[in-house]
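Chemist: Can you build the whole structure from these sequences, using the hints too?
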Amino acid sequence: MLTTDLRHAIKAHKLTLYYQPQVRGTGECFGAEALLRWEHEIGGFVSPPLIIELAREAGFLGELEREVLDMACAGLSSLNEKLGKDFELSFNITPDSLGERDFFEQLQGIVQKNAVNPQNLWIEVTEQALLADTPEMEKTMNLLRKAGYRLSLDDFGMGHTSLLYLQNNQFDQVKLDGSIVRDMLQNDRSCDIISSILYLSKSLHFSVLAEYVEVPEQREKLMELGCNEFQGYLYSKPVPENEFVELVTKWRKLHNGESL
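Be aware that the sequence shown starts at 1287, since it is given in this note's numbering, and climbs by one per residue.
These are calculated hints, taken from the structure and not from any lab test.
Straight-line Cα separation of at most 25 Å, SDA-like style, residue types lysine to any residue; simulated pairs:
hint, residue 1, residue 2
1, Lys-1536, Leu-1369
2, Lys-1300, Pro-1334
3, Lys-1425, Glu-1410
4, Lys-1425, Asp-1388
5, Lys-1539, Asp-1372
6, Lys-1507, Ile-1479
7, Lys-1536, Val-1525
8, Lys-1425, Gln-1398
9, Lys-1371, Asn-1400
10, Lys-1432, Phe-1390
11, Lys-1536, Ser-1364
12, Lys-1300, Met-1357
13, Lys-1539, Thr-1312
14, Lys-1300, Glu-1339
15, Lys-1425, Glu-1353
16, Lys-1488, Gln-1405
Modeler: Below, the structure is given as structure tokens:
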């Protein structure tokens, strides 16, 4: 029943995206992560992992991800109009889509339809997804890089990704695994891991963004270690586009365009 309702929701364009701000140490909100939301009329909000699992098991994951791509690019176009042409948007892609032969062509078509700059799009790949690495995935990622899209390695730091893989694939960004950030104030080992990743970022030329930043003490410690890009409830929970634009606009006015 839930699977049938999901398919109907996709066809009726009833899925939506919520946005969570990404903020630099200066307080500048430079971008957002787009997060999938589906509010079932009976059961309320359905978790994104369950949405993906239902679509994968029923054989329409590709249809779901095309809908998400379309929403993300339309959302970026709207945010660029309201918040500036350099505003960036990140979203997660499953290895299933990266492994499809026509994924790159589909994305290019959606980007062109919405007239957005590929350099403002961050495509997130989870560290776990890299375990399913295939020649087709590698080919797609190379095409994305050449076309100007930025690649982000999500949940990095506690999984199985080798440093060699990170070096060979030239990610533009890594997002620190949430468990490390949550634990860093109580565990020196987590701080050591973060320091090592930040040291590596300098030689491999990628940026580091910390997710799940929830209290000022985490941000202060991260900045002390050398991390200057953050995302988490310290700034805002994920919110619909209109609330997100109001949030960023309000902070820009209060802080002369600089801080969030």
